[in-house]
Amino acid sequence: MPTPHAASIVLRTAENAVLIFFDVLLADGKEEWNRSMKRTGSATPD
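All residue numbers in the sequence shown are consecutive under numbering that gives the first Met the number 0, ending with 45.
Just so you know, these hints were derived from the structure itself, not from any lab.
A virtual CB, placed ideally from N, CA and C, is assigned to each residue, including glycine.
Among these hints, one or two may not hold up.
What follows is a list of derived Cβ distance ranges for each label pair [said to hold, decoys possible]: (1) K37 x A16: 27 to 37 Å; (2) P3 x S35: 43 to 53 Å; (3) K37 x V17: 25 to 35 Å; (4) H4 x E31: 38 to 48 Å.
Let the sequences and hints guide you as you build the complete structure.
Right, dumping it as structure tokens:
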């Protein structure tokens with residue numbers, strides 16, 4: 000049984016992996032979304 004500290008490190012690593020995965024997966028979609036928003040004049044602030 001891992002210590003609570005080790006478990007929190009594993010959890011944080013898993014969260015980061017999921018975020019990176021979705022960032023890579025959705026990168027093209029976000030670019031397309033931003034382009035279409037610019038065309039309609041309502042681009043996201045970021």
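Going down the list of hints, with the structure as the test:
1. K37 x A16: 27 to 37 Å: holds (31 Å)
2. P3 x S35: 43 to 53 Å: Check passed, 45 Å falls within 43 to 53 Å.
3. K37 x V17: 25 to 35 Å: holds (29 Å)
4. H4 x E31: 38 to 48 Å: Holds: the Cβ-Cβ distance is about 42 Å, inside 38 to 48 Å.
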